[in-house]
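**Student:** Starting from the known structure of chain D, arrange chains W, V and E with the ligands on it as the hints suggest.
If you want the building blocks of each chain, they are given just below.
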Amino acid sequence: MNNNGYYGRYGGSYIPEILYTSQQQLLKEYRQAQADSSFQLELQQEMQQFSGRPTPLTPCRNLSKLLGGAQIYLKREDLNHSGAHKMNNVIGQGLLVKRMGKKRIIAETGAGQHGIASALIAARLGLECTVYMGAKDIERQYPNVFWMKQLGAEVVPVTSGGQTLRDALDEALRDWTDSHPSSHYLIGTSCGCAPYPEMVAKFQSVIGRETKEQSQQLFNALPDAVYASVGGGSNACGIMLPFQSDVAVELIGVEAGGRGTKPGDHAVRLSNNRAETDSPAMLGSPGIAQGFASIFLQDEQGQLQETHSIAAGLDYVGVSPIIADLAEKNRLRMIAAKDDKVIEAFQLLLRHEGIIPALESAHAVAGAISEIPQRPKEQNVVINISGRGDKDIFNVASAVGDPEFDRFLSRYLDQSLKT
Amino acid sequence: MNNNGYYGRYGGSYIPEILYTSQQQLLKEYRQAQADSSFQLELQQEMQQFSGRPTPLTPCRNLSKLLGGAQIYLKREDLNHSGAHKMNNVIGQGLLVKRMGKKRIIAETGAGQHGIASALIAARLGLECTVYMGAKDIERQYPNVFWMKQLGAEVVPVTSGGQTLRDALDEALRDWTDSHPSSHYLIGTSCGCAPYPEMVAKFQSVIGRETKEQSQQLFNALPDAVYASVGGGSNACGIMLPFQSDVAVELIGVEAGGRGTKPGDHAVRLSNNRAETDSPAMLGSPGIAQGFASIFLQDEQGQLQETHSIAAGLDYVGVSPIIADLAEKNRLRMIAAKDDKVIEAFQLLLRHEGIIPALESAHAVAGAISEIPQRPKEQNVVINISGRGDKDIFNVASAVGDPEFDRFLSRYLDQSLKT
Amino acid sequence: MSNDRTPETSQLQQFIQQERKLKPILLMTHVVYGYPSIEDSIRLMETLLESGVELLEIQFPFSDPIADGPSILNACHKAINHRPQLDHCLKAIESFKQRFPNSRILLMSYLNPLYRYGLSKLVKEAATGVSGLIIPDLPLEQAEQYRKDCELAGIDPIWLITPDTPESRLVQHCEAATGMLYCVSRRGVTGKTDSQKEDSKQIPTTTVSLRDYLGLVAEKSTVPLAVGFGIRERHQITMLQGLADVAIVGSALLDAYDNGGLRQIRQLITTLRGKN
Amino acid sequence: MSNDRTPETSQLQQFIQQERKLKPILLMTHVVYGYPSIEDSIRLMETLLESGVELLEIQFPFSDPIADGPSILNACHKAINHRPQLDHCLKAIESFKQRFPNSRILLMSYLNPLYRYGLSKLVKEAATGVSGLIIPDLPLEQAEQYRKDCELAGIDPIWLITPDTPESRLVQHCEAATGMLYCVSRRGVTGKTDSQKEDSKQIPTTTVSLRDYLGLVAEKSTVPLAVGFGIRERHQITMLQGLADVAIVGSALLDAYDNGGLRQIRQLITTLRGKN
Ligand SMILES: Cc1ncc(COP(=O)(O)O)c(C=O)c1O
Ligand SMILES: Cc1ncc(COP(=O)(O)O)c(C=O)c1O
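If you read the sequences in order, they're chains D, W, V and E. The opening position of the first sequence corresponds to residue 1 in the working numbering, with each subsequent residue numbered one higher. The opening position of the second sequence corresponds to residue 1001 in the working numbering, with each subsequent residue numbered one higher. The opening position of the third sequence corresponds to residue 2001 in the working numbering, with each subsequent residue numbered one higher. The opening position of the fourth sequence corresponds to residue 3001 in the working numbering, with each subsequent residue numbered one higher.
With the rest of the complex left out, here is chain D:
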């Protein structure tokens, strides 16, 4: 990143003037904190004591044998407190909020993972917490809303636009323009105006640093390839950036292929085009929105589009400027996995390794599975399991079509109505 927060031609800070002071304060405090060893120590301590880091690197002998190609290792971010890598980021930003002396955090959330992570850290650090969430997402992901409320967070339904993540993000930004002197906007992925992409990527890069060390311990070398799912891009940045200058390590991002290539059916921003081909007919194209320049799914008029993925955390309309830049420079290869392949990969990991990945992470697995059989057995491949899949029971049950689950819910409701 250069000093203005650019990664190649992506990034920057495109925000309403009212946010300038707070953005500058954040930038300054973040830089100071980065150089402050006591902050770094506190960060490391909280990651260990609260979230249980380091997370392990798990060898998958069964799956490796089944696929007959490279040896597979999983980086287990699902074992973090709250069940996803999102925790790394909220711990970092939460401690920064304390440092800045602010009392309240604002967060946007799509599926609810980042909302829960924010509510958890707010409770832990004694901060107020307001979470913006699309009204449709609230309907679809109410269990997460329930936990946020139980944790003491205020959950504000966003009824504008498509009533999903993008609208929640806009609304959180609006709150911030109103409340910035006392509130911090805790962005959940490596998007947004500078220094958010850099900062989130940095807090997440503990994933990659650990992976590097653990690879040496487990197989005495760096991995030959690293796969991660790409929504906003934070788990991918987290595991990949520490390998950026190790050019022998292949980096592969997997985005949501959804149901198909029609607008609104996917969240394929990068893998179907080279960013150079700046044509709006491509799936994603360069744009400047929500505070930063990157690749967005948009129409010819520059209106952002609706998206879809079976994994709610991957249906973001934009992508981290860091990812966009790495893809453009061919340091990162982007591929997409469709919903049905994702369910297959999900089931494969359950059956053969006893690990339940988030549907987001199952994209990384699906992507890896599509390539591993062609890789020589001597290679070692790391897949980032960004989160756990318990949360996805409603989606998975629909996808595999288990009528018993519906019957269970009916009974629960009958019971509940009686009492």
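Wrong hints could be hidden among the right ones.
[To be verified] Under the rule of at most 16 angstroms between Cα atoms (straight-line distance), these lysine to aspartate or glutamate pairs were calculated in the EDC-like manner: (1) V:Lys2078 - V:Glu2039; (2) D:Lys262 - D:Glu213; (3) V:Lys2078 - V:Asp2258; (4) D:Lys377 - D:Glu213; (5) V:Lys2091 - V:Glu2125; (6) W:Lys1103 - W:Glu1128; (7) V:Lys2078 - W:Glu1128; (8) V:Lys2121 - V:Glu2151; (9) D:Lys149 - W:Glu1029; (10) W:Lys1149 - D:Asp299; (11) D:Lys98 - D:Glu46; (12) D:Lys418 - W:Glu1344; (13) W:Lys1418 - D:Asp224; (14) W:Lys1149 - D:Asp402; (15) D:Lys149 - W:Glu1306; (16) W:Lys1418 - D:Asp402; (17) D:Lys98 - D:Asp36; (18) V:Lys2148 - V:Glu2167; (19) E:Lys3078 - D:Glu306; (20) W:Lys1136 - D:Glu404; (21) W:Lys1149 - W:Glu1139; (22) W:Lys1202 - W:Glu1029; (23) D:Lys418 - W:Glu1154; (24) E:Lys3275 - E:Glu3233; (25) D:Lys149 - W:Glu1139; (26) W:Lys1149 - D:Glu46; (27) D:Lys136 - W:Glu1139; (28) V:Lys2124 - V:Glu2167.
[Unchecked claim] Listed next, the stretches of chain W that the computed footprint assigns to chain V, with coverage defined by at least 3 CB atoms under 8 angstroms from CB atoms of chain V: (29) 1062-1074; (30) 1148-1157; (31) 1397-1407.
These aren't lab readings, by the way, just hints derived from the structure by calculation. Virtual Cβ for every residue (Gly too), placed ideally from N, Cα, C.
**Tutor:** For chains W, V and E with the ligands alone, kept in the frame of chain D given last:
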């Protein structure tokens, strides 16, 4: 334990003759494995690589301040793979099964935690898995059943008796009498015939060993008191046994006070009586059932009783012989927490520390909270958070009465019916 | 097969040996006290005794009968709802003993109800009506006091052995055995499984053949052999002749009762005896 | 307040200064192109221009208008359904410019639609009808090329400043300003918040009083000041007289239109001008 598996007057092996050979084989293999450093290494490795151990010890400054007494630390078994301490045990027994060359495991489960843990380790180690679960429990805890099935386990509904954990346990034993040469019965708690109580306690004692080390690191001393919930007794044994000979460390077990003291309304086996008073009018009384001698909830005729707890994992009719013995010898003090206090403690931990405990573990928290204000500030108290509470959303939502959750389920069902 | 190696032969053993002089094999029928009700269960026992079964095994129900399959399990759970009491059960047995001197009665239960009652006390009190005690979850190792009590009271503690019992342990059991030995013919619980899966034409066994298994036991043992689990038809009993002294019928009896009451019971006994 | 320190005064600035000689304060009304439909929005603009507003701010809608509150946000989202096109919008503006020579038109949009269109191209093409451009998410730092393009095309890039803008940055903006400065009177987005919470009797400000804030800006600035956000009533405009040159009315106008159409719009303008 003496050589016959007795702890004082509890324990032993009271099983049908047909199981004798397998029980003896298990005893032998277990003893050999204990002495085999390569087994111990493999065990430690799998606990780290698959389950993410060590789990942290989390200081709780907010809650400590709020209660104004001893300093509170949480041992975070909720961060294990599968979200509970149950994983420690299934890893241990799973590796033993491999060692014995058996191809199949049988497990009983109540709420489903041990069932899932068993299904996970079976998938991981390439074993077949049959889980017995009361038909009523299946109805109540279908999400767990869903995951077991997705993991490839066969889930057998048990329709006899009260159709809950006890019946599942009986049925699992029946399967074992049939299949023991090729199948291992993977008991989920430190109950059953010898060597199960000892073995499960041993596999779980990694909790206490870590706690001991981490206490030294965090506050330079052993804890003054350790609280754990007591269902079958495995998480309590796990955290407490390594402190057994450190007599200055107070050990407190918390059992399910349920709704009241009527039979069927609670699972208070130990805290309301001293075992010496061998009167059946007491809540629990000495008995011999399900393979071992211990304290059971039973009527005057020796029939085991129904139980209740808001935490499905605590409503077991018996208790580990190790726990019964420690309580009888006053090394362990048993108290009970009622459902409503448990919900209060649950909410307190959410709001003030951002940690969602299993309702089982919330019993330990409730018990601790009732005593901590009276403890001097200089004391350090460890509470075992045996598992995480996501799984308890249906119970918690009923208890706090959130109509939105019901509405969410209705919508999901409507949707599901349409497609 | 029984022989006369033991110095002091128990009442039960004498009875069995006596009866065996007249019949190629004896019948032991199994019933659950309190199922379907206390009264009806007593009527069922009377019917069996009237029909002349040599041995009647009365199971005092326990809530968690881990060695029993679905039929008996279900019967036990239903029986418990009638709050059966052990002392009443003993009284009933005592009266049978007087009314049916040509049969012997064995009391079977899991350990816990007996333990709650007081095992020593039970053994003493049972002696007036009960010839032998069967406790499937009380292994030989845990039974020192119990065996003493039994000896004193003149009751036989009946031990179970299985095809999986290793030889050294078989020898121990044979040495300890008085009255008779209860030979489980296969793995698993009472009732169902093999006998239902494999069209019930054979006596199910495990790996060793039943003949070899019972042969080995007979070699080591001085007491009569009773063989149980899975017997449903006459020809199974015929097959046992020459291998064992007593054929035990449990679940089949319960199933018959559930299907057709006492009438069906009488019918089944007649069939099993080969008298039609 | 404007003074004449700048060497070359822009067209827009000259217009405002000219008008101000006649009126204590001017009115800038804000509308969304394409809401409620393309046609109706054009009719609304015509109505406003006919009613004699000095400045018309036309917002070309964007799907994610992060600085706008509920009323405008909603209007933008509805407008997008009619697939508004930037070139059509520019054409419409060009025709207004010719038909209403006594008003000036400003084009407001977020960066992305303009960026997709090509910002340089847009600036050039807009020059035929548009006097100034307002892009709330394009900060001064990122605007080097844009400013050059504007200068070349003779369009004023309108910069926004807020009560939170630090003095050093305020100075930068004042130096960069041509045409006019857009002074946001408080934190938050357009429309709602303060003005709704605190019964809309006052122009909402943050910690500094509005008078001090605008006084400071006037001191540093050479261009006219427009004040926006939250103006709903006549007396708010009266209060601004002497502090600013232009009062901006946005959400209030949309709300009036939604309640009573063009009739209500004319009514509102009359009221705001203090002519009834
Ligand atoms: C488990 C998990 N993985 C991945 C993602 C995608 O986000 P990112 O690309 O920022 O890692 C999310 C977002 O919610 C998530 O919850
Ligand atoms: C999270 C959790 N804690 C505690 C228990 C109680 O079991 P134990 O007493 O064996 O630890 C269970 C049992 O399912 C459990 O799931």
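**Student:** Please go over all the hints and tell whether each is borne out by the structure.
**Tutor:** Consistency of the hints with the structure:
Taking the CA atoms of Lys2078 (chain V) and Glu2039 (chain V), the gap is near 13 angstroms; set against the 16 angstroms cutoff, the hint holds. Restraint check for Lys262 (chain D) and Glu213 (chain D): the C-alpha separation of about 42 angstroms exceeds 16 angstroms, so the hint is violated. At roughly 13 angstroms between alpha-carbon atoms, Lys2078 (chain V) and Asp2258 (chain V) fall within 16 angstroms of each other, so this suggested pair holds. For a cut-off of 16 angstroms, the pair hint linking Lys377 (chain D) to Glu213 (chain D) is broken: about 22 angstroms separates their Cα positions.
The suggested pairing of Lys2091 (chain V) with Glu2125 (chain V) holds, with an alpha-carbon distance near 9 angstroms, which does not exceed 16 angstroms. With a C-alpha separation of about 6 angstroms, the suggested pairing of Lys1103 (chain W) with Glu1128 (chain W) holds against the 16 angstroms cut-off. Taking the CA atoms of Lys2078 (chain V) and Glu1128 (chain W), the gap is near 34 angstroms; set against the 16 angstroms cutoff, the hint is violated. This hinted pair checks out: Lys2121 (chain V) and Glu2151 (chain V) have alpha carbons roughly 13 angstroms apart, not beyond 16 angstroms.
Restraint check for Lys149 (chain D) and Glu1029 (chain W): the C-alpha separation of about 50 angstroms exceeds 16 angstroms, so the hint is violated. The hinted pair formed by Lys1149 (chain W) and Asp299 (chain D) fails the criterion: a straight-line CA distance of about 43 angstroms is larger than 16 angstroms. Proposed proximity of Lys98 (chain D) and Glu46 (chain D) is supported: the alpha carbons are some 13 angstroms apart, at most 16 angstroms. Distance restraint check for Lys418 (chain D) and Glu1344 (chain W): the Cα-Cα separation of roughly 24 angstroms exceeds the 16 angstroms cut-off, and the hinted pair is therefore not satisfied.
For the proposed pair Lys1418 (chain W) and Asp224 (chain D), the alpha carbon gap of about 46 angstroms is over 16 angstroms, so the pair is violated. For the proposed pair Lys1149 (chain W) and Asp402 (chain D), the alpha carbon gap of about 10 angstroms is at most 16 angstroms, so the pair holds. Taken as a hint, the Lys149 (chain D) and Glu1306 (chain W) pair is broken in the structure, with Cα atoms around 35 angstroms apart against an allowance of 16 angstroms. Between Lys1418 (chain W) and Asp402 (chain D), the direct Cα distance comes to roughly 14 angstroms. Compliance with the 16 angstroms bound is thereby established for this hinted pair.
Taking the CA atoms of Lys98 (chain D) and Asp36 (chain D), the gap is near 14 angstroms; set against the 16 angstroms cutoff, the hint holds. Only pairs whose Cα atoms come within 16 angstroms are accepted, and Lys2148 (chain V) paired with Glu2167 (chain V) is rejected, the gap being roughly 25 angstroms. Among the hinted pairs, Lys3078 (chain E) with Glu306 (chain D) is consistent with the structure: their alpha-carbon atoms are about 15 angstroms apart, no more than 16 angstroms. Note on Lys1136 (chain W) and Glu404 (chain D): the hinted pairing holds, with a Cα-Cα distance of about 14 angstroms set against a maximum of 16 angstroms.
Of the pairs offered as hints, the one joining Lys1149 (chain W) and Glu1139 (chain W) holds, with about 14 angstroms between alpha carbons and a cut-off of 16 angstroms not exceeded. Restraint check: the Cα-Cα separation between Lys1202 (chain W) and Glu1029 (chain W) comes to about 14 angstroms, which is no more than 16 angstroms; the hinted pair holds. As the CA atoms of Lys418 (chain D) and Glu1154 (chain W) are separated by approximately 32 angstroms, the hinted pair breaks the 16 angstroms bound. Proposed proximity of Lys3275 (chain E) and Glu3233 (chain E) is supported: the alpha carbons are some 13 angstroms apart, at most 16 angstroms.
For the given pair, Lys149 (chain D) sits about 27 angstroms from Glu1139 (chain W) by alpha-carbon distance, which is inconsistent with the 16 angstroms threshold. Restraint check for Lys1149 (chain W) and Glu46 (chain D): the C-alpha separation of about 36 angstroms exceeds 16 angstroms, so the hint is violated. Proposed proximity of Lys136 (chain D) and Glu1139 (chain W) is contradicted: the alpha carbons are some 29 angstroms apart, above 16 angstroms. This hinted pair does not check out: Lys2124 (chain V) and Glu2167 (chain V) have alpha carbons roughly 32 angstroms apart, beyond 16 angstroms.
For the segment 1062-1074 of chain W, the proposed coverage by chain V is not satisfied: 0 residues have a C-beta within less than 8 angstroms of a C-beta in that chain, short of the threshold of three. Using a Cβ-Cβ cut-off of 8 angstroms, 0 residues of the segment 1148-1157 of chain W lie near chain V, which falls short of the minimum of three, so the contact claim is violated. Three residues within the 8 angstroms Cβ limit are the bar, and the segment 1397-1407 of chain W against chain V gives 0, so the coverage statement is violated.
In terms of the numbered hints stated before, the structure departs from hints 2, 4, 7, 9, 10, 12, 13, 15, 18, 23, 25, 26, 27, 28, 29, 30, 31, listed from lowest to highest.
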